[in-house]
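Chemist: Order-wise, the sequence lines are chains B and E. Everything in the first sequence is counted per numbering that gives the first Met the number 0, starting at 0 for the first residue and increasing by one. Everything in the second sequence is counted per numbering that gives the first Met the number 0, starting at 0 for the first residue and increasing by one.
Because the hints were derived from the structure by calculation, they are not lab data. Be careful, since some hints might not be right.
[Claimed, not checked] Chain E side only, calculated, beta carbon under 8 Å to chain B, not exhaustive:
1. Leu40
2. Cys102
3. Leu280
[Stated by the list, open to error] Far from chain B by the CB rule (all over 10 Å, computed), these chain E residues:
4. Ala12
5. Ala64
6. Ser131
7. Arg179
8. Cys203
9. Ala204
10. Asp265
[As the list claims (entries may be wrong)] These stretches of chain E come out as covered by chain B in the derived footprint (C-beta under 8 Å, 3 or more residues):
11. 19-32
12. 223-234
Since we're looking at a predicted model, the values are computed, not measured. C-beta: ideal position from N, C-alpha, C; glycine also.
Protein chains: 2
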Amino acid sequence: MTRPTIVHLAQAAGVSPTTVSHAFSGRRYVDPDTKARIVALAQEMGYRANPTARRLRSGGGGSVALVSSMPFAVAAGPSRLGFLMEIAASAAVTALSRNTTLCLVPPLERGSQLDALDVDGAIVVEPALDDSVLDFFFERAVPVVAIGRAPGRPDLPAVDLRSAETARLLLDHLGQQGQRVGLITGSQRRNSYIEMEAVYAAFCAEKGFTPAAMRIDERGGEDEAAVAVEAFLRQTPDIGALCVPVDAFAAGALRAAAALGLSVPDDLRLATRYDGMRARLASPQLTAVNLHLDQVAETAIDMLTGLIEGRSSSPKPIAAPLLVERASSARSSR
Amino acid sequence: MTRPTIVHLAQAAGVSPTTVSHAFSGRRYVDPDTKARIVALAQEMGYRANPTARRLRSGGGGSVALVSSMPFAVAAGPSRLGFLMEIAASAAVTALSRNTTLCLVPPLERGSQLDALDVDGAIVVEPALDDSVLDFFFERAVPVVAIGRAPGRPDLPAVDLRSAETARLLLDHLGQQGQRVGLITGSQRRNSYIEMEAVYAAFCAEKGFTPAAMRIDERGGEDEAAVAVEAFLRQTPDIGALCVPVDAFAAGALRAAAALGLSVPDDLRLATRYDGMRARLASPQLTAVNLHLDQVAETAIDMLTGLIEGRSSSPKPIAAPLLVERASSARSSR
DNA sequence: GCCGGTATGCAAAACGTTTTGCATACGAGC
DNA sequence: GCTCGTATGCAAAACGTTTTGCATACCGGC
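Starting from the given sequences, assemble the full structure and let the hints guide the process.
Modeler: Structure (structure tokens):
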């Protein structure tokens, strides 16, 4: 009744477990007849190697974690989809094609019991400065690849999201008619915010206008952003364009504009970073950037498997970010 | 340099591995002083039990798979988010709180190497008739819980999505002003389609109008739906309302209506099933149903862990589906 | 008749835990 | 002094693989 093991199969085939193992792994020669007999018998008995035993002996093999340090249960509702999940979808596909499974790990809260987490590596999405998620894996000596560089850890293998370029793309586009451009980022210290803020500072200096930037706590999501952006716009009424990399915040900004009677894009041009459903289906549709997340996910998985197997990671570059112009930043007709 | 094992720790503490094991598991009494010493030393040495070894000895423990048989790489773009991913997010959170990890498994294509998949159970989202995903797990004697009953397998544990009620809700709403209502489902044989089609037949008989239904292959996604629905509407011009449970198809239906110069909701009232981002951010927003997917995911995880541990599954019921009225089916003003 | 090579397969030692049955020591009760 | 419970801990056997070194048999060449 119990599941057949390699010993049962070996007995049935009249050979040793060693031979059975070799027959399947191909690591040593096995007489073709013998092998055929074993395979046929395995089929018949429904034998299937126990993956746990296999990985105990052979060390690791077969699964990586995908983790975000962004709130994901906290910011309930639609915002928990999007960026992370799009990466998850691509990464799962890629991982599977590398014969690896992908474990989805929600943000680690303090006291989370994660002993069960048994992975050979981890992909951490947009780690923040001093991110405890990174420590968690370091303690366990689990190799990590970050998506988006890890602030304060220039040595950590990462897939570069090219945030500086992305920022430049957005800002140049938003300010192309001479508008004063504002910037809304998150208060968490993620590399994309940091790079964007730096590019923004340079941009302002170049154009000769005073920076108008604000940071919002990610945990508040769209609602908090709507309130905060409204206050921000009241305070800086000469802002003609707003760069809002977090799509949930951009949705909040749309609401803020509406509340103030500002028309988008005529009174306020708006653009966000991640070209996901939120950007595509907002009204008006949001100008955004194609970050090639499918490539990013694939590259991250490849780097990680490389790291796990001790190969030096090939830093396959991601295609340059691509501006996707939409109605929210259409050239003003006024 | 290598990671310390229980033997190293035992040596360092001057006890046997047995005692160390008991100190952590609490399955036998260990002198408090000894235990404290062991724990302190473990901390210092960075000892952490190897989960693989643990599960080999103790049998299973710690991970479940989430699988959809819906195309997910095939239907690229935005449609690969949504339903499955919302469930994934909730399920991952619930799973973690049960000290279990969630593996995301993309649709199994023929020949997929899934030997690495080492899970104690699986949640299959909306299985179709004769779904090969189910066979895959049966072969491996992995317990399965379905989300949405499995057609042809009334015995399979499942979380009921209450599709009949959902259908009734949508149809009654759409037909409330006497319109003739059409139905668009998927050509795959999933329980929700089957139930909806049955309710629809009864509904038509009741109201005394000829059914107008169509099935579309899911793999075509929104684009194929746009084309198909346009043809469908041309052919049955007296349709005043359309029930389109698949949100990607509903988005296609919107495009079809626009192409035909039909205004939604004035000329055509529209409603879909899953109240996700797609419904909320479409223009006009789509009337949809709150299926309580967070509850569904949590219940599925609970049933599955129950099944794995041999407990009889407690069939905690899901809250009744709730109609969320939006602009796409607003009461016609004409 | 001996040597070297190839073909085929096995025994036994890992891998790092958990679990079970047994052992020792010690104090209390008689 | 003997028995008995309780406190504490250990040895050894699992769990199901993979891996490594060794064994046997056979064949051809000298």
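Chemist: Which of the listed hints are broken here?
Modeler: 1, 5, 11, 12
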